[in-house]
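Chains as they are written, first to last, in my numbering: chain Z, 1 to 546; chain G, 547 to 641.
The reader is advised that the hints may include incorrect statements.
[As the list claims (entries may be wrong)] The following label-pair restraints were derived from C-beta to C-beta distances:
#1 G:ALA592 with Z:ARG533: 35 to 43 Å
#2 Z:LEU418 with G:ALA629: 19 to 27 Å
#3 G:ARG572 with Z:LEU418: 49 to 57 Å
#4 Z:ASP13 with G:ALA629: 35 to 43 Å
#5 Z:ASP490 with G:GLY606: 20 to 28 Å
#6 Z:ASP502 with G:ARG595: 36 to 44 Å
#7 Z:LEU277 with G:GLU584: 54 to 62 Å
#8 Z:ALA349 with G:ALA592: 23 to 31 Å
#9 G:ASP568 with Z:GLN100: 22 to 30 Å
#10 Z:GLN389 with G:GLY606: 31 to 39 Å
#11 G:ARG572 with Z:ASP244: 24 to 32 Å
#12 Z:GLU30 with G:ARG572: 26 to 34 Å
#13 G:ALA592 with Z:ASP511: 34 to 42 Å
Just so you know, the hints here were simulated from the structure itself, not pulled from any lab data. For every residue, glycine included, the Cβ atom is placed at its ideal position computed from N, Cα and C.
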Amino acid sequence: MYRYDQYDQAIVDARVAEFKDQVARRLRNEITEDQFKPLRLMNGLYLQLHAYMLRVAIPYGTLSGTQMRMLAHIARKYDRDYGHFTTRQNIQYNWIKLEQFADLLDDLSKVEMHAFQTSGNCIRNISSDQFAGAAADEVADPRPYAELLRQWSTLHPEFSFLPRKFKIAVIASDTDRAAIQLHDIGLQLRRNDAGDLGFRVYVGGGMGRTPILGQVVRDWIPVGQFLSYSEAILRVYNRYGRRDNIYKARIKILVTELGIEEFTRQVEAEWALLEPLGLDAPQAEYDRIIAQFAPPAFDPAANDDLDLSDPDFRLWVEQNVHPHKAPGYAIATISLKPRAGIPGDASSAQMDVIADLAERYAQDEIRVTHSQNLVLAHVRKSDLYAVWQALEAVDLATPNLDLVTDIIACPGMDYCTLANARSIPIAQKIAAKFENDIAEQRDIGELKIKVSGCINGCGHHHAGHIGILGVDKKGEEAYQLLLGGSGAEDASLAKILGPGFDENGIVAAVDRLIAFYRSARAAPDERFLDTYRRLGPAPFKAAVYG
Amino acid sequence: MPRVLTGNRLETGDVLWWNGSDWSPRIADAVAIGDEGEALVARLVAEERINDPVLIDVTGEPGAFVPTTTRERVRASGPSVRADLARGSLSVEVI
Numbered sequence: 001m002y003r004y005d006q007y008d009q010a011i012v013d014a015r016v017a018e019f020k021d022q023v024a025r026r027l028r029n030e031i032t033e034d035q036f037k038p039l040r041l042m043n044g045l046y047l048q049l050h051a052y053m054l055r056v057a058i059p060y061g062t063l064s065g066t067q068m069r070m071l072a073h074i075a076r077k078y079d080r081d082y083g084h085f086t087t088r089q090n091i092q093y094n095w096i097k098l099e100q101f102a103d104l105l106d107d108l109s110k111v112e113m114h115a116f117q118t119s120g121n122c123i124r125n126i127s128s129d130q131f132a133g134a135a136a137d138e139v140a141d142p143r144p145y146a147e148l149l150r151q152w153s154t155l156h157p158e159f160s161f162l163p164r165k166f167k168i169a170v171i172a173s174d175t176d177r178a179a180i181q182l183h184d185i186g187l188q189l190r191r192n193d194a195g196d197l198g199f200r201v202y203v204g205g206g207m208g209r210t211p212i213l214g215q216v217v218r219d220w221i222p223v224g225q226f227l228s229y230s231e232a233i234l235r236v237y238n239r240y241g242r243r244d245n246i247y248k249a250r251i252k253i254l255v256t257e258l259g260i261e262e263f264t265r266q267v268e269a270e271w272a273l274l275e276p277l278g279l280d281a282p283q284a285e286y287d288r289i290i291a292q293f294a295p296p297a298f299d300p301a302a303n304d305d306l307d308l309s310d311p312d313f314r315l316w317v318e319q320n321v322h323p324h325k326a327p328g329y330a331i332a333t334i335s336l337k338p339r340a341g342i343p344g345d346a347s348s349a350q351m352d353v354i355a356d357l358a359e360r361y362a363q364d365e366i367r368v369t370h371s372q373n374l375v376l377a378h379v380r381k382s383d384l385y386a387v388w389q390a391l392e393a394v395d396l397a398t399p400n401l402d403l404v405t406d407i408i409a410c411p412g413m414d415y416c417t418l419a420n421a422r423s424i425p426i427a428q429k430i431a432a433k434f435e436n437d438i439a440e441q442r443d444i445g446e447l448k449i450k451v452s453g454c455i456n457g458c459g460h461h462h463a464g465h466i467g468i469l470g471v472d473k474k475g476e477e478a479y480q481l482l483l484g485g486s487g488a489e490d491a492s493l494a495k496i497l498g499p500g501f502d503e504n505g506i507v508a509a510v511d512r513l514i515a516f517y518r519s520a521r522a523a524p525d526e527r528f529l530d531t532y533r534r535l536g537p538a539p540f541k542a543a544v545y546g
Numbered sequence: 547m548p549r550v551l552t553g554n555r556l557e558t559g560d561v562l563w564w565n566g567s568d569w570s571p572r573i574a575d576a577v578a579i580g581d582e583g584e585a586l587v588a589r590l591v592a593e594e595r596i597n598d599p600v601l602i603d604v605t606g607e608p609g610a611f612v613p614t615t616t617r618e619r620v621r622a623s624g625p626s627v628r629a630d631l632a633r634g635s636l637s638v639e640v641i
């Protein structure tokens, strides 16, 4: 994985020193909160319901064991012994003290991490495929390109004050595990008939108040020119994106208002001016970065057999383990959705265990998924049983990946100032109905339930097979029910099914939906989403509302 | 309807309530604020040591005030999903 060079570290050190000074000045009352707030937000520090919340960037969701151990240390020393992995592959801490913040930043920077550009109207953390470098279906590892985007976008002076925040995702396979069509820019790395690499570029996707799927702005941009092309998109957005209305400021609104043809014309015109200026990285820089993502030295003699005689282990392998491109290896997903747990939360002790396992068994790499789980991407099959046993010992071996209990939930009104309703209790109540019967969960099959506590959609409710949106109804928590969303390669936006519910009502409604689906599916392996797409909303609506 | 004054301490972010002479981490210590509330908020804003000072509506009696909104009840009790982190002065059951 990528290691900082002297320039990366110098940038982080300078920015940390700058922000530490700003914190000190605020604590001495030399600057007001109105002056300080935009500065702290640019450094990932929010004031939430109970305390300051810090969002730490995890570039394209990749961590080393050392970095994960530092995240555990921060949870233990500066927070309340846990962290929350987010739908943007970052981690959040909920109980941070401003007066300890300088020390915290120093600790983070020791392991090449920071928190800047995790808030504010800038290019946010670049996200990617959690199976990158391990998936058999990728054309190349997408992370070198995500890393190049990270370097390009870090403190980019032209794009530090965009009309609104800007999110980019990069994948390299036809299977979309990063929801690229729901990003401001989605990049799919492909290989053409000549063997060259290039990107299909989506633009204008997003969730939130106005959910829109991204559209193709260019079907092929050679890999050597994707940076200048991205710059052209950002320039058009920065110039014409609306700054008069926060609800219409995202690029998706600009693309929609202009139409994709006119937007494309403007981007192409801008790129025609930019491309000759030599903004793209030289081949040597590509080579330098790609070399740092060179595949581990997989053992060609690694045993491809797996002893599945332990039924619990077998269940976990069948549900949470994916094929690896190298024979004798596997990709293991660690569920952060244990029984009665909080989606995405991990204790410092659990983080330490994961760090140990990564170092010992997984080439010292951990990935964060946008579904709030973690991945050990390079595990010898012969080590899987030991990994599973270690995970089982700390409640991290729940075999529920992509099942009804693998629910995404934002922090909601248990933590977040923006939320209108709580999300986590809804996820817990739905999961409680199924979590004691794994056979029933597997019979239901793939079912992605996603819960957001407000219209901003951090819980990705618009991409849920079943989406739940918390709203405020005359001071009371209420929940809208949406169906038919997908953040995968078959991307679609969930639609509201009917009137909303209270807390218990929404849980019962999901129960009725699932019961109807099981009675109506055309075959045992027809997914909930496919049954919905085949039948349309009417019978589901009848099942829920009578 | 009674009102109480709440905010977050600058240095720590801790949730606090005004007890008539100082700040308390317990809503049970909060006092009802009368017409002087707006002036008090204006003073606190100017002092810049308490973030987001605000008067909120509550029901009940002193010592047992309960905020009228779910949001403020969560602030007073702690996250409803982490009983181990509860503040103790307001039961999560009231959320």
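Margin query: Checking each numbered hint in turn, tell me which of them this model violates, lowest number first.
Written below: Of the numbered hints, 1, 3, 5, 8, 10, 11, 13 do not hold.
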